Amino acid sequence: MALAAPPPTFASRPKSRAARMAQLVPAFVLIPTIITTGIYIFVFVGWNIYLSLSNSTLLPTYDFAGFDAYTRLWRNPRWTTGVWNLAVFGALYIILTTAMGVFLAVLMDQKVKGENLLRSIFLYPIAISFVVTGTTWQWILNPSTGLQAFVQSLGWENFEFTLITSRETALWAVVLAAVWHASGFVMVMVLAALRGVDRDMVKAGQIDGAGMLKIYRRIILPSIWPVMISVLIILLQFAIKTFDLVLALTHGGPGIATTFPAMFVYDRLFAAGELAQGAAAAVWMLIGLVVVFLPIGALHLVMRRQKGGAK
Amino acid sequence: MTAATTNIPDLTRRRPLTGKQIAGRIALYATLLILAAFVLMPLAVIILNSVRFNEDILRESFIGWPTRLTLENWSVAWGEACINASCTGVKPYFWASMLMVVPATVISTALGLLNGFALTKWPMPFAGLVFVVITIGVFLPPQVVLLPWAIALSWLGLSKSLAGLALVHIIQGTCFTTLFARNYLINLPDDLIKAARIDGAGFFRTFWRIVVPLSPPIIIVTIIWQFTFIWNEFLFAVTFSHSDFRPITAALMSLNADDTGVSEYGFGSAAVLIAAIPPLIIYFAGGRYFVRGLTQGAVK
Chain A
531 MALAAPPPTF
541 ASRPKSRAAR
551 MAQLVPAFVL
561 IPTIITTGIY
571 IFVFVGWNIY
581 LSLSNSTLLP
591 TYDFAGFDAY
601 TRLWRNPRWT
611 TGVWNLAVFG
621 ALYIILTTAM
631 GVFLAVLMDQ
641 KVKGENLLRS
651 IFLYPIAISF
661 VVTGTTWQWI
671 LNPSTGLQAF
681 VQSLGWENFE
691 FTLITSRETA
701 LWAVVLAAVW
711 HASGFVMVMV
721 LAALRGVDRD
731 MVKAGQIDGA
741 GMLKIYRRII
751 LPSIWPVMIS
761 VLIILLQFAI
771 KTFDLVLALT
781 HGGPGIATTF
791 PAMFVYDRLF
801 AAGELAQGAA
811 AAVWMLIGLV
821 VVFLPIGALH
831 LVMRRQKGGA
841 K
Chain B
6 MTAATTNIPD
16 LTRRRPLTGK
26 QIAGRIALYA
36 TLLILAAFVL
46 MPLAVIILNS
56 VRFNEDILRE
66 SFIGWPTRLT
76 LENWSVAWGE
86 ACINASCTGV
96 KPYFWASMLM
106 VVPATVISTA
116 LGLLNGFALT
126 KWPMPFAGLV
136 FVVITIGVFL
146 PPQVVLLPWA
156 IALSWLGLSK
166 SLAGLALVHI
176 IQGTCFTTLF
186 ARNYLINLPD
196 DLIKAARIDG
206 AGFFRTFWRI
216 VVPLSPPIII
226 VTIIWQFTFI
236 WNEFLFAVTF
246 SHSDFRPITA
256 ALMSLNADDT
266 GVSEYGFGSA
276 AVLIAAIPPL
286 IIYFAGGRYF
296 VRGLTQGAVK
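So the protein lines, in turn, are chains A and B.
So for the first sequence, the working numbering puts the first residue at 531; every next one is plus one.
So for the second sequence, the working numbering puts the first residue at 6; every next one is plus one.
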């Protein structure tokens with residue numbers, strides 16, 4: 531009979547107008563996000579690039595001025611100092627936060643009593659805003675009110691702790707507050723990865739008489755690499771976007787000793803009335819992010835391939 | 006016979022620790038406690054200062070044990086402290102943040118879940134491309150869209166308003182929530198969705214009846230992260246706000262920068278704590294989910 535209906539499949543097989551419409555629903559659901567995200571990413575970034583090539587000052591104008599803003603940008607010591615600070619801060623921040631986080635995770639992995647409480651303590655700074663973090667550390671590090679005054683009041687009258695007020699060391703104050711903020715986060719990520727390590731492999735290593743150090747290097751580290759890459763990407767993001775923490779902590783000072791690219795962008799756009807230069811600085815931030823991310827992304831892909839191939 | 010059995014190590018019974026192991030345990034706990042004390046120190050210091058008299062803080066130091074207690078700092082910080090020459094305390098800024106954060110969190114979470122479902126469980130021609138674009142949206146530095154946002158918001162008549170700021174957070178936040186939801190829903194068994202479709206359930210029906218009931222873990226994680234992120238966010242908050250409407254992070258920065266002679270550390274500390282309390286409550290109440298969001302969302 532004509533009832534020889536095909537077996538039900540899930541390939542799109544439009545039966546009626548209504549059924550065809552129903553199949554479009556998921557696409558319609560996505561459309562608002564596709565449009566807004568598309569505008570936000572492609573139109574806005576393109577617009578910003580165009581403005582960086584214009585001669586906009588206080589108000590946006592669309593007269594093409596070439597790379598004028600870019601040349602002026604790299605002659606501006608506030609910008610070059612900011613870029614240099616970001617490089618130094620970024621390296622110190624990422625190395626120290628990762629070292630601290632891994633150290634904490636290894637300690638916490640030794641069957642510690644009260645692990646949940648300790649983990650909550652180490653992680654809470656990540657829930658606190660950079661403004662609050664910066665303000666609090668500024669009060670603590672300020673020599674006239676904070677740690678220096680405290681130690682002097684205990685009797686050591688000659689004690690000096692001018693980390694935050696000295697040009698040479700102020701960047702370390704930013705590093706200190708930033709490491710305080712994110713080490714717990716690294717610890718939690720690494721700890722979760724350590725818990726995912728194949729226990730049988732570790733046992734086999736122990737039976738073979740490998741020392742703790744060797745087990746960490748040969749068995750555990752290789753299997754937590756993917757998490758380390760995620761950690762690296764997230765910390766890099768934090769570093770490049772560094773803005774509110776420094777604003778609250780040092781306001782970029784003393785002088786311009788702790789100024790950062792993100793601060794420069796904000797200052798040019800909304801205080802100095804140099805829209806084109808601010809936009810150009812923002813484009814450089816994007817370029818920086820892409821340049822740093824590409825090798826990491828490539829590394830991630832290569833390692834995934836290798837992992838997939840080994841299976 | 007007995008000699009033979011003792012040669013087999015008894016793995017079930019805990020052996021007494023050797024002297025070296027005991028020393029190791031002591032060193033381990035000592036290190037952990039010292040580091041925990043260091044991490045807790047800033048919070049402890051501002052909590053103590055929020056109940057100290059300002060003259061005590063100025064006379065002794067910012068770090069110190071309260072010799073006498075006061076709760077006045079809290080009421081001054083909440084309702085009287087002057088920020089940018091308007092003496093209203095942080096109260097209006099606290100509520101401005103709430104008014105912006107709650108709708109932005111709810112809307113971006115709902116949109117993210119819907120998008121995640123559409124991307125993972127329905128055949129879609131450009132699903133892969135959409136996923137890539139959304140990922141870019143998560144990583145884009147906000148500075149590079151700051152100026153276009155400012156111009157666009159003023160065209161829309163939304164510049165420096167609560168609605169404008171909420172809109173920015175919804176659009177940017179939806180990239181993040183979609184990524185989160187997608188990573189969660191991709192592990193949901195396809196058979197469930199197929200069964201619903203055989204029964205004739207459409208997109209929204211399947212979403213309500215099957216996806217939402219199975220998604221509380223990711224919904225909670227997303228709400229926790231969106232709330233914390235938007236509440237703590239500063240760059241957009243300061244750029245797209247106005248003296249009539251200013252989120253608490255932006256107000257706090259003005260308070261901090263207002264160096265008009267006498268430093269009011271007492272109510273300053275209380276104000277800082279008021280700004281930190283909502284995310285801290287969420288963090289401690291959501292504990293497990295907060296950590297899960299970190300480890301799952303970020304790894305994938």
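No wet-lab data here; the hints were simulated from the structure.
Remember, predicted model here, so these are calculated numbers, not experimental data.
Do not rely on the hints blindly, as some may be mistaken.
Ranges of calculated distance between the beta carbons of each label pair, as one might list FRET restraints [unchecked claim]:
| id | chain 1 | residue 1 | chain 2 | residue 2 | range |
| --- | --- | --- | --- | --- | --- |
| 1 | A | I759 | B | P221 | 27 to 33 angstroms |
| 2 | B | A206 | A | V636 | 48 to 54 angstroms |
| 3 | A | K733 | B | A28 | 49 to 55 angstroms |
Each computed SDA-like pair below joins lysine to any residue, with the alpha-carbon atoms no more than 20 angstroms apart [to be verified]:
| id | chain 1 | residue 1 | chain 2 | residue 2 |
| --- | --- | --- | --- | --- |
| 4 | A | K641 | A | D728 |
| 5 | A | K643 | B | T36 |
| 6 | A | K641 | B | L33 |
| 7 | A | K733 | A | Q640 |
Heads up, the beta-carbon is just placed ideally off N, CA and C, and yes, glycines get one too.
Taking the hints in turn, this is what the structure says about them:
no., hint, result
1, I759/A to P221/B: 27 to 33 angstroms, "holds, 30 angstroms"
2, A206/B to V636/A: 48 to 54 angstroms, "holds, 49 angstroms"
3, K733/A to A28/B: 49 to 55 angstroms, "violated, 25 angstroms"
4, K641/A to D728/A, "holds, 17 angstroms"
5, K643/A to T36/B, "holds, 14 angstroms"
6, K641/A to L33/B, "holds, 11 angstroms"
7, K733/A to Q640/A, "holds, 15 angstroms"
Consistency note: the structure conflicts with earlier hint 3 alone.
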